[in-house]
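2 protein chains.
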Amino acid sequence: MTPDETVTAFIQALERMDMDDAMEMLAEDVTYDNVPIGAMQGRDAVRKTLDGMMGATEVDWPVARQAATGNVVMNERIDRFKLESGWLEIPVVGVFEVGDDGLISLWRDYFDLETFKNNRKALG
Amino acid sequence: MTPDETVTAFIQALERMDMDDAMEMLAEDVTYDNVPIGAMQGRDAVRKTLDGMMGATEVDWPVARQAATGNVVMNERIDRFKLESGWLEIPVVGVFEVGDDGLISLWRDYFDLETFKNNRKALG
Numbered sequence: 001m002t003p004d005e006t007v008t009a010f011i012q013a014l015e016r017m018d019m020d021d022a023m024e025m026l027a028e029d030v031t032y033d034n035v036p037i038g039a040m041q042g043r044d045a046v047r048k049t050l051d052g053m054m055g056a057t058e059v060d061w062p063v064a065r066q067a068a069t070g071n072v073v074m075n076e077r078i079d080r081f082k083l084e085s086g087w088l089e090i091p092v093v094g095v096f097e098v099g100d101d102g103l104i105s106l107w108r109d110y111f112d113l114e115t116f117k118n119n120r121k122a123l124g
Numbered sequence: 001m002t003p004d005e006t007v008t009a010f011i012q013a014l015e016r017m018d019m020d021d022a023m024e025m026l027a028e029d030v031t032y033d034n035v036p037i038g039a040m041q042g043r044d045a046v047r048k049t050l051d052g053m054m055g056a057t058e059v060d061w062p063v064a065r066q067a068a069t070g071n072v073v074m075n076e077r078i079d080r081f082k083l084e085s086g087w088l089e090i091p092v093v094g095v096f097e098v099g100d101d102g103l104i105s106l107w108r109d110y111f112d113l114e115t116f117k118n119n120r121k122a123l124g
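First to last, the sequence lines map onto chains A and B.
Counted from 1, the first sequence has number 105 at position 105 by my numbering; the numbering is strictly sequential.
Counted from 1, the second sequence has number 102 at position 102 by my numbering; the numbering is strictly sequential.
Among the hints, a few may not be true.
Reference listing, derived: stretches of chain B covered by chain A, where coverage requires no fewer than 3 residues with Cβ under 8 Å from a Cβ of chain A [stated by the list, open to error]: (1) 62-68; (2) 72-81; (3) 87-95; (4) 111-121.
No farther apart than 27 Å at their CA atoms in a straight line, the calculated lysine-lysine pairs in the DSSO-like style are these [to be verified]: (5) B:Lys117 with B:Lys48; (6) A:Lys121 with B:Lys117; (7) B:Lys121 with A:Lys117; (8) B:Lys82 with B:Lys48; (9) A:Lys117 with A:Lys48; (10) A:Lys117 with B:Lys117; (11) B:Lys121 with B:Lys48; (12) B:Lys82 with B:Lys121; (13) B:Lys117 with B:Lys82.
I should point out that these hints are in silico values taken from the structure, not numbers from a laboratory.
Glycine is no exception: its CB is placed at the ideal position from the N, C-alpha and C atoms.
When you get a sec, could you build the whole thing from the sequences and use the hints?
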């Protein structure tokens, strides 16, 4: 798989909420950085963070645009989480690096934290 | 020039604060969208917004990563503005589309607005 295809497969695994499959695409010491919140290190930390997916029963992360050069992939997405009270949405750009071993070593998401909080609040 | 080269040249023109040169790389009806703030339409609106560059005397937008596929280019940057009281910095990802005419038709920046405001405040 190319880095581009790896990132696409990773997003699709997250959308299926298939954490085993998704985690297999991450390097053991992956950096996962939600820019306005902060970075964490390691597959286990990522898994712990994503496992609950904020209590979503369904996850839908449509990618509007994706670009790849060398081992760098970036995608522009709307991350959507189905909560009890409705769909929570947040516009995101993800920056990924894929190692020569085919594993994602960097996943950094840029988004506006206040937009996320306001959209969460609006759902009640 | 490839779309990738066009976006690089555009950022470099902004760093020189050469607005004439920068504006020539934009489509007449360009969309310029600062995601947490909102979008504007047209080269004139962009020029008006950028002309002051927030009172900066120097601008430095180092690109850490850039990826391009087809007419889509994305770059991960730190946008730095030299103000009287010091350097104001904000981490940004830009999403660009370049038309067949070689002009930038979309420029959409993702960043955390509160980080920007806090960094501005910290400079006094």
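Outcome of the hint check:
1. 62-68: holds (count 4)
2. 72-81: Holds: 4 residues of the region 72-81 of chain B have a Cβ under 8 Å from chain A.
3. 87-95: holds (count 4)
4. 111-121: holds (count 5)
5. B:Lys117 with B:Lys48: 21 Å, holds
6. A:Lys121 with B:Lys117: 22 Å, holds
7. B:Lys121 with A:Lys117: Within the cut-off at roughly 22 Å; holds.
8. B:Lys82 with B:Lys48: Given that 27 Å is the threshold and the Cα spacing comes to 19 Å, the pair holds.
9. A:Lys117 with A:Lys48: Measuring from Cα to Cα gives roughly 21 Å; hence the hint holds.
10. A:Lys117 with B:Lys117: 17 Å, holds
11. B:Lys121 with B:Lys48: 24 Å, holds
12. B:Lys82 with B:Lys121: Holds. B:Lys82 to B:Lys121 sits at ~14 Å (cutoff 27 Å).
13. B:Lys117 with B:Lys82: Judged against 27 Å, a Cα distance of about 15 Å means the pair holds.
Checked against the numbered hints given earlier, this structure breaks none of them.
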